[in-house]
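Chains as they are written, first to last, in this note's numbering: chain A, 1 to 343; chain B, 344 to 864.
A few of these clues could be false.
Said to hold, decoys possible - Within a straight-line C-alpha distance of at most 25 Å, the following computed BS3-like cross-link-like pairs (lysine-lysine) qualify:
#, chain 1, residue 1, chain 2, residue 2
1, B, 360, A, 5
2, B, 645, A, 5
3, A, 5, B, 779
4, B, 669, A, 5
Keep in mind that the hints were calculated from the coordinates and are not lab data.
Below are the chains, spelled out letter by letter.
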Amino acid sequence: MSFLKITSPHGHGPLTTAGIMQTVLLATLPGVAVMTWFFGPGTLINLLFGGALALAFEAAALRLRDRNPGPYLRDYSVLVTSTLLCIALPPYSPWWLVATGIFSSVILGKHVFGGLGYNPFNPAMVGYVILLISFPLQMSTWQAPRGLDAVPGVVDALEALLLPARYDAITMATPLDVLRQNQGLLMADLQAQKPQFGRWAGVGWEWINLAFLAGGLWLLFKRVFTWHAPVGLLAALGLCAAIGFDSGSSESGGSPLLHWLSGATMFGAFFIITDPVSSAVSNRGRLIFGALIGVLIYLIRVHGNYPDAVAFAVLILNFAAPLIDQYTQPAVYGSNPVKRDEP
Amino acid sequence: MRATHSIHGGIHPVEAKALSAPGTVLDAGIPDKLVLPLSQHIGRQPEVIVEVGETVKGGQVLALGDGPMSVPLHAPTSGTITAIDDRAVPHPSGLTNRCIELSCDGNDDWVALEGLANWREIDRTALISAISLSGVAGMGGAGFPTAVKLNSPATQPIRTLIINGTECEPYISADDTLMQIDAPAIVEGAEILAHIVNAEEILFAVEDNKPIALAAMQEAVDASESNCRREVMSFPTKYPSGGEKQLIEILTGLQVPSGGLPAHLGIVCQNPGTAVAVREAILMGKPLTERIVTLTGRALNKPGNYRVRLGTPISHLLAVTAFDPKDNQRLIHGGPMMGFALESSDVPIIKTTNCVLVPTEQELPTPPPAQACIRCGLCAEACPASLLPQQLYWYARAKDQEQLEKHHLFDCIECGACSWVCPSHIPLVQYYRAAKGSIVDTRAEKTRSDRSRDRFEARQERVERELAAREAQRAARRAAAQKKAEQGADDDPIAAAIARAKAKKQTAEDPLGAPAGNDES
Numbered sequence: 001m002s003f004l005k006i007t008s009p010h011g012h013g014p015l016t017t018a019g020i021m022q023t024v025l026l027a028t029l030p031g032v033a034v035m036t037w038f039f040g041p042g043t044l045i046n047l048l049f050g051g052a053l054a055l056a057f058e059a060a061a062l063r064l065r066d067r068n069p070g071p072y073l074r075d076y077s078v079l080v081t082s083t084l085l086c087i088a089l090p091p092y093s094p095w096w097l098v099a100t101g102i103f104s105s106v107i108l109g110k111h112v113f114g115g116l117g118y119n120p121f122n123p124a125m126v127g128y129v130i131l132l133i134s135f136p137l138q139m140s141t142w143q144a145p146r147g148l149d150a151v152p153g154v155v156d157a158l159e160a161l162l163l164p165a166r167y168d169a170i171t172m173a174t175p176l177d178v179l180r181q182n183q184g185l186l187m188a189d190l191q192a193q194k195p196q197f198g199r200w201a202g203v204g205w206e207w208i209n210l211a212f213l214a215g216g217l218w219l220l221f222k223r224v225f226t227w228h229a230p231v232g233l234l235a236a237l238g239l240c241a242a243i244g245f246d247s248g249s250s251e252s253g254g255s256p257l258l259h260w261l262s263g264a265t266m267f268g269a270f271f272i273i274t275d276p277v278s279s280a281v282s283n284r285g286r287l288i289f290g291a292l293i294g295v296l297i298y299l300i301r302v303h304g305n306y307p308d309a310v311a312f313a314v315l316i317l318n319f320a321a322p323l324i325d326q327y328t329q330p331a332v333y334g335s336n337p338v339k340r341d342e343p
Numbered sequence: 344m345r346a347t348h349s350i351h352g353g354i355h356p357v358e359a360k361a362l363s364a365p366g367t368v369l370d371a372g373i374p375d376k377l378v379l380p381l382s383q384h385i386g387r388q389p390e391v392i393v394e395v396g397e398t399v400k401g402g403q404v405l406a407l408g409d410g411p412m413s414v415p416l417h418a419p420t421s422g423t424i425t426a427i428d429d430r431a432v433p434h435p436s437g438l439t440n441r442c443i444e445l446s447c448d449g450n451d452d453w454v455a456l457e458g459l460a461n462w463r464e465i466d467r468t469a470l471i472s473a474i475s476l477s478g479v480a481g482m483g484g485a486g487f488p489t490a491v492k493l494n495s496p497a498t499q500p501i502r503t504l505i506i507n508g509t510e511c512e513p514y515i516s517a518d519d520t521l522m523q524i525d526a527p528a529i530v531e532g533a534e535i536l537a538h539i540v541n542a543e544e545i546l547f548a549v550e551d552n553k554p555i556a557l558a559a560m561q562e563a564v565d566a567s568e569s570n571c572r573r574e575v576m577s578f579p580t581k582y583p584s585g586g587e588k589q590l591i592e593i594l595t596g597l598q599v600p601s602g603g604l605p606a607h608l609g610i611v612c613q614n615p616g617t618a619v620a621v622r623e624a625i626l627m628g629k630p631l632t633e634r635i636v637t638l639t640g641r642a643l644n645k646p647g648n649y650r651v652r653l654g655t656p657i658s659h660l661l662a663v664t665a666f667d668p669k670d671n672q673r674l675i676h677g678g679p680m681m682g683f684a685l686e687s688s689d690v691p692i693i694k695t696t697n698c699v700l701v702p703t704e705q706e707l708p709t710p711p712p713a714q715a716c717i718r719c720g721l722c723a724e725a726c727p728a729s730l731l732p733q734q735l736y737w738y739a740r741a742k743d744q745e746q747l748e749k750h751h752l753f754d755c756i757e758c759g760a761c762s763w764v765c766p767s768h769i770p771l772v773q774y775y776r777a778a779k780g781s782i783v784d785t786r787a788e789k790t791r792s793d794r795s796r797d798r799f800e801a802r803q804e805r806v807e808r809e810l811a812a813r814e815a816q817r818a819a820r821r822a823a824a825q826k827k828a829e830q831g832a833d834d835d836p837i838a839a840a841i842a843r844a845k846a847k848k849q850t851a852e853d854p855l856g857a858p859a860g861n862d863e864s
């Protein structure tokens, strides 16, 4: 009889790409749940609408590229992209904003470069930055968190999505906005006077960040990625904030804790910069990659024109990743031979 | 016990070693015909010294080694040579090789064997030669001629002999079985090997998933005397701890230099099966004609460790083990990680066959189509050589040989850990094998063209040199003749006339100037 001819190895480990993507999706749940608690169903509506659109765009792009969409859709990668983008979008965004973002992420961020694995930039961040530059008003309109104002219901959320003209948003500057616009107040006074600030950082935002931290730690535990990039980011951001804290003077850039638990810090550290496709490859490279993103986040937050900076910092370092790879090749076995001691 | 060291990467595949019930050896019997390929080792193939129709006895030499990198081949039993021709042999590419077909008579008559009981008093050269004449080649899988490995130059003294009983590859339990049932023979074989290489210490390495083998080895060491420091070392089970380079790092903390040999660290590694074969070769003069093979996989109804004569067709063993073919049936020579699939069972067991794996689709599913690499880096974490497999894959696809070498492609040991973890099911090792092959081709091509260019340039230079030399001679002759003519005209008209005639004659004989070598002047 004739036997099947396949090259070694003949066995395979339990991991699949689809499995990894599903794990990442699951890990966003705590963050999404806390966001929903503080901002209402807007985020969920974004996620559902964006997810459906993303699948449609992915299928269309694959058809255009003459590929059978089935196996590609089942790798869940496009859902990860759309989920990450929709988490980053303000809740109660209009449908066209979500659609433009998803289109930019899936088509311009991913398929233009050849699909999964070939994209030099994080697709979700490509979509986010295109929206932020094109629609700065809509992108900086954040719902006031629970505790500072009433939280909209599902009907409001659908109205905001589908009939944005009729929806009246209850918005409020985010803590990072307040910090950036601070003129002359000591940090302690600023945090005491402005209602946006909570126990450690912004009301709501501190818990959202802690929830994404929890999800991220679970991914770390599941060994979906290594600790290097997140630790690099958090350490560098913390260090910059500590240096720029200036004992809480009116010129202060904010405390490390404030930076760690504000905006998209934890979400970025564990869900965005850990995208393996667009980051550096070696562990040392990822540490440097994360650290440089941390430095950029601080610089843009404190000295730049945008209140939050994760997306820009990530895209800039996506450019730099191949260069980092060039200089951070790990030492291979036997490349630094140690002489055996004489007997 | 001294501390062991950890290595980078590695994986923990399902071991499935219990399936072949390590510790018991079954007899595979003598088939009607044995097929003995001449190449069962790395190196030159031996020269056949028997003819078709000749009757031979067990242990008789069938083919003689041709040079140091060649080992002889012996008859595993008595019978008649019925064919000497090219046949399919166990090889990843389905290669054929010259084979001797021996029709067994079933009597199993053997030639008289004579050992060297007093081996401690015998010169190492004589012992190495005895090992070489017994046809021993590394039985762990690579098949390197054992005598060559033992013959390290005086500039590279060996201090440590490692007996590699790690057997980290899943499913295989041939070494485990040998250690369980024949530990004293392994220890004695190691003693002979240590004597030959003049080692100070012997390390017996066994993964901690083989407690019975470990105990047996420890007992055998305790019960015997030695001039060497000896230690049975166990360490956590992880694939590929049994790779020679990996094992050396685990046991000594040292890394074999890239492109170098363990001998550069004063270390030589041998397989337990090889140690036993060496012992039999020296003590009894018995050539290597059989080995323990793990026949396993859930498509076999009687899996186990079998004592198999070399040359036994795998089809015979499938019958012995009650093979029950299934869908997508594979037949693997070696283990699941590094073994290669055979297309036909009409190939023989050779000196390097430690396992024949016949899995079902359920236990080792055929891989789904490969997806895109998402550069997750799991492969880099699994790589025992600390390579970046995802980058190598990228460069292999781009055929970027410069970057492949810069990323140390040739330090890849092809263990398959990267492919095993790859969530996108990319056959990474296959890419590396192909890339290595094409780089080797490119290098050979370059050497060839460099050599032709050198040769052409050398010839060009020589032709120019010769032309210049001839031109110089002609000029010198012309000048001499002219001078003489002038002198002769003044002094002696007769001499001048003779000189002129001579010069004229020479020009007539050789109008283009004499060839450089023939010129008398």
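Now for the hints, and whether the structure bears them out:
This hinted pair checks out: residue 360 of chain B and residue 5 of chain A have alpha carbons roughly 23 Å apart, not beyond 25 Å. Under the criterion of a C-alpha separation no larger than 25 Å, the hint pairing residue 645 of chain B with residue 5 of chain A is consistent with the structure, at around 24 Å. For the given pair, residue 5 of chain A sits about 21 Å from residue 779 of chain B by alpha-carbon distance, which is consistent with the 25 Å threshold. Our distance criterion of 25 Å between C-alpha atoms is met by residue 669 of chain B and residue 5 of chain A, whose separation comes to about 15 Å.
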